[in-house]
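Student: The residues making up each chain are set out below.
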Amino acid sequence: MRETWHLVTYLWRAERRSQHGLVGLALFAIATTYAAYQVVRGRPDPTTWNALAWVMLLFTAFNGVSRTLEEDRPQVLAYLKTAVNPVHYLIARTLHNSAVLAGLACLLTALMGLLMGWGTLEGPRLWGFLVGMALTALALGATLTLIALIAARAGAGFGMTAVLGLPLVLPVVLVSTSLGSDLMQGVLVADTWHNFAFLGALAAGSGTLGVVLFPYLWRA
Amino acid sequence: MSMPQSPFSPSLGVRLIRTFGVLLLGYALVMTFTVPLGPGIVDVRVSPGGDVGRRTTFKLDIEGHNTHFSESTPVVFLKRGEHFVVIRDLEATDDQHLAGQVILDKFVPALSWDVFINSPVDGTMSFANGFFAQGLTANTKAKSPDNDAVLNRLSQADLGFHFPFQPNIMETIRNLMLHVPMWFTMFLLMGISFAQSIRSLGAAGTAEHDMKALASVKTGMWFGALGLLTGSLWAKFTWGAWWVDDPQLNGAFVTVMVYAGYLVLRSSVQDEVLRTRLSAVYNLFGFCLLVVLLMVLPRFTESLHPGKGGNPAFSSYDLDSALRAVFYPAVLGWMILGAWMYDKTLHLERMRAALAVSRLQRATKAGLPFLLLTTSTWSEPFVNHGKMGVVVGVAVIIGLGLGLWSLVHTRQARALNQEMERHS
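As given, the protein sequences belong to chains G and R, one line each in that order.
Residues 1 to 220 (this note's numbering) make up the first sequence, in order.
Residues 1 to 424 (this note's numbering) make up the second sequence, in order.
These aren't lab readings, by the way, just hints derived from the structure by calculation.
Wrong hints could be hidden among the right ones.
Stated by the list, open to error - Label pairs and their in silico Cβ distance ranges:
(1) G:D45 to R:T140: 40 to 46 Å
(2) R:R15 to G:P215: 38 to 44 Å
(3) G:E3 to R:N417: 50 to 56 Å
(4) G:F59 to R:P167: 41 to 47 Å
(5) G:D191 to R:S11: 56 to 62 Å
No experiment lies behind these values; they were computed from the predicted model shown.
Beta carbons: idealized from backbone N, C-alpha and C, even for Gly.
Isolated chain G, as found in the complex (with noise of 0.2 Å):
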């Protein structure tokens, strides 16, 4: 608990001496949601605002998970291969992406609101809707983080992470988009929670399927 701990802010230390991290993410989040409100011209309808939220959200993670720190070094892997538990590490680490992923989401939703208004989401909904975003950025956190390091394992980059995450990720975007269009609908939170439920199992699911596997990379 404690090394996972310490794992957490030792990378977010790392996220923070690089230059262009962060701030780059976030770049390209609002460059996004801006070009998408150039292309819509005003207020959407609510299908493609939630379209439009998710696919978002989708292709910020995609980057956000992908790009590696500065702390990725070949030598710097190879000490923490010796000092650390690969659980802990992989904890770490999606615990790490999914605060960053949740992050990019309340800052898109944000930015969408501003630009393009919150089409029918106000009070609980609007709440719930968040929830589920930040829902979402932990089964995508959960999910990708594993891929990510697949792709890192495999010398490849962001296009290989794309190729095997996309289909896998499907599941996720599935539901919180299924939860997404029943908010913007106005069916109250409380008769769609079992898509909070999905969404929570379905992190809790691919996390615990990454802890078991996770060690046989680390191995390698």
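We have chain G already, so just place chain R on it with the hints.
Tutor: Chain R alone, transformed into the frame defined by chain G:
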């Protein structure tokens, strides 16, 4: 250099199983194409004739499939709840076409009626909502034109061994024995790959397990691609589109994508140990998520596809005994064929390993004939004769696919054998 064991000298048990599989497949294919389809109504066209005072005449043109209208004039009646209307002045132009007419009052108990045809040769056939009384007024108090006395005139028919007729699906029900086993076989092969990937990660894992996982994914991809292509053709002529948005279809497409990703990942890693690890981890992770995608999520969504969601079309009540008698042997036969192809592919992988050749393998891509021609002239051969053309098309696709597989397989085997001889 030690020559890997040839696949042509298998043990007696394996040989028996393969013979059994080929026999099953032969039986299933012969049955698929020769068992007759039960008679049914393809279409009912209603044209309002002239008004005679307060009464309206409707002319009915009925098109049947595998029917025998000219052998004995059938009984035709409309039914809605407790109400009956008998169609009179029946005239059969040939075995498939029947014309008749009915005279109705301005007020009828219902506007939309189910059409029933009964004859001693064909038994009873029905066409839901086949008759719509255009221009009349529905009134629940209206007198029923006829009563259930017509039911006493019905006769039973002995149709013999036949596949059930279903509206719209018609002859294409035969595809059950061709398209569906493609997916069953693919899942069997992906299951083998899953098991071998687990073993390759274990303490006793060897390159052999990795090779088995790869060979079964490669073979499974062929069945996946054939499943997509045949399903696409079948969908075009039953659902009206090459591809529809449907959880089951999404799942099938994503499955093929995941394993294409597996092959791409393998081809990008040169180091053997690392490749085994990476691809095994990805295979296990992917397979588990596919189970969620294919088995869990579709149950919570509406689906057009049989067997899932709200449309259990091929479940217990329509998968009748005739279909079962052919479907189960077909599935087993295709699976044994798949296992045989896997074994042959594995032999090639062993030769590759023995030669220590690492070649870049292109991932198999499943091409989908999206948005082809939409004119009606080219599609006529498919639609005529109860859509029998779709079954032939599906069989041709599978035949071409398997032919292509054996062509590719033979070429690879020849190249590897030549290289083997040069080395030894």
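Student: Run every hint past the structure and note whether it holds.
Tutor: Verification of the hints:
1. For D45 (chain G) and T140 (chain R), the hinted distance range of 40 to 46 Å is satisfied, since their beta carbons lie about 42 Å from each other.
2. Distance hint for R15 (chain R) and P215 (chain G): a CB-CB separation of about 42 Å, consistent with the stated range 38 to 44 Å.
3. Between E3 (chain G) and N417 (chain R) the C-beta distance comes to about 54 Å, which sits within the given range of 50 to 56 Å.
4. Roughly 45 Å separates the CB atoms of F59 (chain G) and P167 (chain R), a value that falls within the hinted 41 to 47 Å.
5. Distance hint check: the CB atoms of D191 (chain G) and S11 (chain R) are about 60 Å apart, consistent with the given range 56 to 62 Å.
Violation of the numbered hints given earlier is absent; every hint is satisfied by the structure.
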